[in-house]
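Enquirer: Now for the letters of each chain:
There are 2 protein chains.
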Amino acid sequence: MRVGANVQQGQTVFVNSQIEHAPLARAITRAAYSAGARYVDVHYRDQHVRKAMIELGPDEALTYEPDWVKTLAESSTGQAQIATTGDPEPDLLSDLDGERVGRARMKGITEIYRQQLVDRSVNWTIVASPNAGWAEKVFGEPDLERLWEAVAACTRLDEPDPVAAWRDHMQRLEARGAKLTELRLDALHYRGPGTDFRIGLLDNARWMSALFRTRDGVEYVPNMPTEEVFTTPDSRRAEGTIRSSRPLALNGEVIEGLRLTVSDGKIVEVDADRGAGIVRGQLENDERAPYFGEVALVDGTSRVGQTGITFFDTLFDENATCHIAYGFGIPEVFDGEPGEGMNVATVHTDFMVGGPELEVDGITTDGKVVPILREDAWQLPE
Amino acid sequence: MRVGANVQQGQTVFVNSQIEHAPLARAITRAAYSAGARYVDVHYRDQHVRKAMIELGPDEALTYEPDWVKTLAESSTGQAQIATTGDPEPDLLSDLDGERVGRARMKGITEIYRQQLVDRSVNWTIVASPNAGWAEKVFGEPDLERLWEAVAACTRLDEPDPVAAWRDHMQRLEARGAKLTELRLDALHYRGPGTDFRIGLLDNARWMSALFRTRDGVEYVPNMPTEEVFTTPDSRRAEGTIRSSRPLALNGEVIEGLRLTVSDGKIVEVDADRGAGIVRGQLENDERAPYFGEVALVDGTSRVGQTGITFFDTLFDENATCHIAYGFGIPEVFDGEPGEGMNVATVHTDFMVGGPELEVDGITTDGKVVPILREDAWQLPE
Chain Y
1 MRVGANVQQG
11 QTVFVNSQIE
21 HAPLARAITR
31 AAYSAGARYV
41 DVHYRDQHVR
51 KAMIELGPDE
61 ALTYEPDWVK
71 TLAESSTGQA
81 QIATTGDPEP
91 DLLSDLDGER
101 VGRARMKGIT
111 EIYRQQLVDR
121 SVNWTIVASP
131 NAGWAEKVFG
141 EPDLERLWEA
151 VAACTRLDEP
161 DPVAAWRDHM
171 QRLEARGAKL
181 TELRLDALHY
191 RGPGTDFRIG
201 LLDNARWMSA
211 LFRTRDGVEY
221 VPNMPTEEVF
231 TTPDSRRAEG
241 TIRSSRPLAL
251 NGEVIEGLRL
261 TVSDGKIVEV
271 DADRGAGIVR
281 GQLENDERAP
291 YFGEVALVDG
301 TSRVGQTGIT
311 FFDTLFDENA
321 TCHIAYGFGI
331 PEVFDGEPGE
341 GMNVATVHTD
351 FMVGGPELEV
361 DGITTDGKVV
371 PILREDAWQL
381 PE
Chain U
383 MRVGANVQQG
393 QTVFVNSQIE
403 HAPLARAITR
413 AAYSAGARYV
423 DVHYRDQHVR
433 KAMIELGPDE
443 ALTYEPDWVK
453 TLAESSTGQA
463 QIATTGDPEP
473 DLLSDLDGER
483 VGRARMKGIT
493 EIYRQQLVDR
503 SVNWTIVASP
513 NAGWAEKVFG
523 EPDLERLWEA
533 VAACTRLDEP
543 DPVAAWRDHM
553 QRLEARGAKL
563 TELRLDALHY
573 RGPGTDFRIG
583 LLDNARWMSA
593 LFRTRDGVEY
603 VPNMPTEEVF
613 TTPDSRRAEG
623 TIRSSRPLAL
633 NGEVIEGLRL
643 TVSDGKIVEV
653 DADRGAGIVR
663 GQLENDERAP
673 YFGEVALVDG
683 TSRVGQTGIT
693 FFDTLFDENA
703 TCHIAYGFGI
713 PEVFDGEPGE
723 GMNVATVHTD
733 FMVGGPELEV
743 DGITTDGKVV
753 PILREDAWQL
763 PE
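Those protein sequence lines, which keep their order, are chains Y and U. Position 254 of the first sequence, counted from 1, bears residue number 254 in the numbering used here, the numbering being contiguous throughout. Just add 382 to the spot in the second sequence (first one is 1) and you have the numbering used here.
Bear in mind the hints are in silico, worked out from the structure with no lab data behind them. Careful: at least some of the hints might be erroneous.
For lysine to aspartate or glutamate, the following EDC-like pairs were computed, each having C-alpha atoms within a straight-line distance of at most 20 Å [said to hold, decoys possible]:
no., chain 1, residue 1, chain 2, residue 2
1, Y, 70, U, 447
2, U, 452, Y, 357
3, U, 452, Y, 74
4, Y, 70, U, 653
5, Y, 70, Y, 111
6, U, 452, Y, 269
7, Y, 70, U, 449
From the structure, some residues in chain Y lie toward chain U, with a derived Cβ separation under 7 Å [said to hold, decoys possible]:
no., residue
8, 26
9, 30
10, 31
11, 33
12, 35
13, 42
14, 44
15, 56
Please read all numbers here as calculations on a predicted model, not as lab measurements. Backbone N, C-alpha and C define an ideal beta-carbon position, used for all residues, glycine too.
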């Protein structure tokens, strides 16, 4: 309520949860009213309903966008949003046709939400809702208490004053972002097992932490946990090969050993030990999906990384280590209008490229190499 | 799919369920796609979210109607709807202010759905979703299997061919309704413990079973189970006292020993052993709420009545025995336009007045008395 969505007096709070997150959604609802919400509008989704649609529905169902979903999306403007994550059945869709899974999206609705990001008109956050199925995926047994402990550690709920701990943490990341911005890097160079990748940066894009501000000046933290500093890269300049270093949970399936080949800024080849079809399906969503929208740097001080746990949930796993996203760029990093370099697409998917074996260098406009990460340690002065 | 909503090829099917009904909602979704639905739109509601609103929300939240809910209601026209019932926590709201509980309604939205009833533009049904909480309320222990057996018996799922059994059953009730219509009764007279009640009937209103037809000719059965024949009474003529013979589950609370005093067609006094405030709150919703909209007759052959179980769910309990509703009338009983006698209101609440001690007579226009029910037995030739 105070750090994540930072709910303001009189706002409507939209809560988006899987039905298995009901205990947390209910707690959020009560807290939101106590924080002064004028109305709390909880929307539950059910992956089994989605599975039935993909498996048994007609082709037109996959891309159908009900009018009410559009009305709902539009009414978020100026309001607060809290989404919960933590998939109770991460492998649920794995026996379906990957191409149909990838195609099942509401592009028009995504566009409305994307525009709200560009306009910075919603204070929103994503938090985790531990549940038995997710715990089973993470630990091999439904140890819900252990998962709650891990989530609490990652989100600083184990601190005596979690709100104060979050304020300190965000200031540290803000300072790290400011330092990177000062360097005015022209590119990043990633080297590691299966990875030799260079991506251009934009001179009008800042590095920032996930301390966001709406156009009305409401500070919010859209991801809890967050450990990253990130920017929107130049979507026209990227080259090389990438091997993802952690499993990626996407659309109810887990993609393992993802390998991408990139040429002229574009992902031209997708391979994986498992689940490559899901990624290929996403990249076919629109012309700009196979271009990059985000580069994010995370070092070994990450609370998520320190747990040593693979959460099979992007919100956590992306904060354990460095990550890169294909799809739309993050407009918050630009002070004015994003220029041509920022990618605009209907997807945004983060995957992890990090860990102690990864070396990340910054390259300045005059070709100077600035080491940023070595053996998971931050190389710049803090 | 075939008897209740009778889903037609290419229809959107709206499913409205509490989150605890997810197993059934999922099964409905799969069956609906297999029956040719173009899209299945499942909406889950959560009574705990509603409770938080009533308990902690500002006054304006109680009657707030989000735009998307209006859009959703309007898009039901011409489509199919399936609602599930079976309250997992029927006493959940009982510690709240009854007046606030009664006030927490979306009147504009109710009006849209009411207009769809008048226009006969939606093929819809309500079915039960047994769950542990409901079983606990019914049996004093969460015996889910026993509740499923009772529900299966009431809904003829224990027949070798349930669809054929339903067709027979509905024809029997249709014949009973036709016979009552032929009598052209002017009024009904109820006599029993605490009840001495006379209510006028309308000469342009038929008695019918719950075999409904949309304006497009799609036959559907809106209640499963259904055991009643019913009509819309003359809301201008009702007089006497009524004592409800069974508990009434309403808005998450259970009302017991409901007693009504009626004068000039209007409920002028409400008393109860428990929960009277809920009914009083409803009757204050609008000027016409305290007038009557339905009289329904059920005899001892009712499968629901034969279980001997109080289900604490109106769909079942109203079909165990005779019932009466205050609030809006049922437009389906009129061949042309409903005349002035049909009540129009934003509520429709059935309560039970029946059982072996109740005697129901029909009164013809020339004052002749026609016995209809004695000791739970149907007195008219069948």
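Enquirer: All hints, please: hold or fail.
Expert: Quick rundown of the hints versus the structure:
Straight-line distance between C-alpha atoms of residue 70 (chain Y) and residue 447 (chain U) comes to about 16 Å, which keeps the hinted pair within the 20 Å bound. Between residue 452 (chain U) and residue 357 (chain Y) the alpha-carbon distance is near 55 Å, which puts this suggested pair outside the 20 Å criterion. Simply put, residue 452 (chain U) and residue 74 (chain Y) have alpha-carbon atoms about 14 Å apart, close enough for the 20 Å limit, and the pair holds. For the suggested pair residue 70 (chain Y) and residue 653 (chain U), the alpha carbons sit about 45 Å apart, so the restraint of at most 20 Å is broken.
As the CA atoms of residue 70 (chain Y) and residue 111 (chain Y) are separated by approximately 10 Å, the hinted pair is consistent with the 20 Å bound. The suggested pairing of residue 452 (chain U) with residue 269 (chain Y) is violated, with an alpha-carbon distance near 45 Å, which exceeds 20 Å. In summary, the hint linking residue 70 (chain Y) to residue 449 (chain U) is supported, as the alpha carbons are separated by about 10 Å, within the 20 Å threshold. Look at residue 26 (chain Y): its Cβ gets to within about 4 Å of chain U, closer than 7 Å, so that hint holds up.
A least Cβ separation of about 5 Å between residue 30 (chain Y) and chain U falls short of the 7 Å threshold, and the interface hint therefore holds. Taken as an interface hint, residue 31 (chain Y) does not check out: its beta carbon lies about 9 Å from the nearest beta carbon of chain U, beyond 7 Å. Given hint, residue 33 (chain Y) at the interface with chain U, holds; its Cβ is 4 Å from that chain's nearest Cβ, closer than 7 Å. Because the smallest distance between the Cβ of residue 35 (chain Y) and any Cβ of chain U comes to about 10 Å, over 7 Å, the interface hint for this residue is violated.
Interface restraint check: residue 42 (chain Y) against chain U, minimum CB-CB distance 5 Å, threshold 7 Å, status holds. With 7 Å as the threshold, the beta carbon of residue 44 (chain Y) comes within range of chain U, its nearest partner Cβ sitting at about 4 Å, so the hint holds. Because the smallest distance between the Cβ of residue 56 (chain Y) and any Cβ of chain U comes to about 4 Å, under 7 Å, the interface hint for this residue holds.
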